[in-house]
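**Student:** Order-wise, the sequence lines are chains D and F. Quick note on the UniProt record's numbering: the first sequence kicks off at 1 and runs consecutively. Quick note on the UniProt record's numbering: the second sequence kicks off at 1 and runs consecutively.
Derived by calculation from the structure, the hints in this document are not laboratory data. Positions of the beta carbon are idealized from the N, C-alpha and C atoms, including for glycine. Be aware that one or more of the hints could be misleading.
[To be verified] Under the rule of at most 25 Å between Cα atoms (straight-line distance), these lysine-lysine pairs were calculated in the DSS-like manner:
# : chain 1 : residue 1 : chain 2 : residue 2
1 : F       : K112      : D       : K90
2 : D       : K141      : F       : K130
3 : F       : K90       : D       : K113
[Said to hold, decoys possible] Cβ-to-Cβ under 10 Å is the rule here; a few derived chain F residues that face chain D:
# : residue
4 : Y31
5 : V51
6 : R69
7 : D83
8 : G85
9 : G133
Chain residues, written in single-letter form:
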Amino acid sequence: MALDQSFVGRTYPPTPAYEVGREKIREFAEAVGDANPAYVDAEAARALGHADVIAPPTFVFSITYRAAGQVVQDPQLGLDYSRVVHGDQKFSYVRPVRAGDRLTVTSTIESIKSMAGNDVIDIRGDVHDETGELVVTALTKLVARAAEEA
Amino acid sequence: MTAKVSYGSVEVGTELPAQSFPVTRATLVQYAGASGDFNPIHWNEKFALEVGLPDVIAHGMFTMAEAVRVVTDWVGDPGAVVDYGVRFTKPVVVPNDDKGALIEVSGKVAAKLDDNLVRVDLVALCDGKKVLGMSRAVVRLA
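Kindly generate the complete structure, drawing on both the sequences and the hints.
**Tutor:** Now the structure itself:
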């Protein structure tokens with residue numbers, strides 16, 4: 001069943017702050033096999049003009065996807081999570097995420113479409129730091145595949 | 001932001017050094033832990049088969065993380081990336097053997113924009129098939 005269009009534009013409350021830890025950044029960089037010193041060596045990061053070690057570009061998805069769970073699991077919206085696949089992912093960075101950031105995410109439903117029986121939902125996650133400045137915006141397209149005929 | 005590549009030194013069509021990224025089941029378990037994405041399709045063969053997949057598949061976000069390394073290794077400063085987006089077109093199937101799968105990524109400068117920005121278009125292949133579509137990064141050069 002098509003999702004309710006009236007949810008387009010709905011914004012969910014900001015998440016509690018997520019504190020970005022330097023060891024979590026290191027763990028993530030190691031998991032993707034990325035030896036860039038800016039992720040683990042504060043001096044190397046400072047030499048590039050950053051205040052502390054920075055996170056790899058896709059690190060923030062762990063935080064925004066958790067926040068998008070508010071939307072995905074909203075019982076009023078009624079998305080069938082067991083049929084959801086990740087369609088597209090985009091990030092727009094004001095600055096890189098760095099160790100010590102305390103980040104909150106505000107999720108907004110950008111659009112809802114129905115295509116060939118699939119529900120396609122675009123969720124925007126605006127990530128702000130503890131001073132209220134925007135750090136990065138994540139755009140996540142989720143596709144809930146049409147249920148098979150019973 | 002301190003990219004080690006200067007805007008003046010690149011043209012539309014400039015190729016970035018290509019890279020290959022191996023993925024084994026161990027890689028996926030490690031990525032699951034680091035990212036917090038414990039969806040069993042990325043580590044449990046029985047579950048993957050039950051939901052109609054050919055085998056365990058890599059996290060799309062893992063492939064996305066690898067593809068952008070062609071850009072960040074090229075410019076040196078990962079903080080120079082201003083925009084990055086992909087479409088997940090085909091899964092990376094990771095068999096339970098010593099070899100796993102190989103993600104091959106190439107990139108070239110597709111457009112020179114204002115403010116020392118360039119758009120890089122990336123191609124990510126596994127078994128000769130594109131696993132990402134519309135894979136683009138905008139990066140600020142020196």
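**Student:** Now, for every hint given, state plainly whether the structure supports it.
**Tutor:** Hint by hint, here is what the structure shows:
| no. | hint | result |
| --- | --- | --- |
| 1 | K112/F / K90/D | holds (20 Å) |
| 2 | K141/D / K130/F | holds (19 Å) |
| 3 | K90/F / K113/D | holds (22 Å) |
| 4 | Y31 | holds (5 Å) |
| 5 | V51 | holds (9 Å) |
| 6 | R69 | holds (6 Å) |
| 7 | D83 | holds (5 Å) |
| 8 | G85 | holds (3 Å) |
| 9 | G133 | holds (9 Å) |
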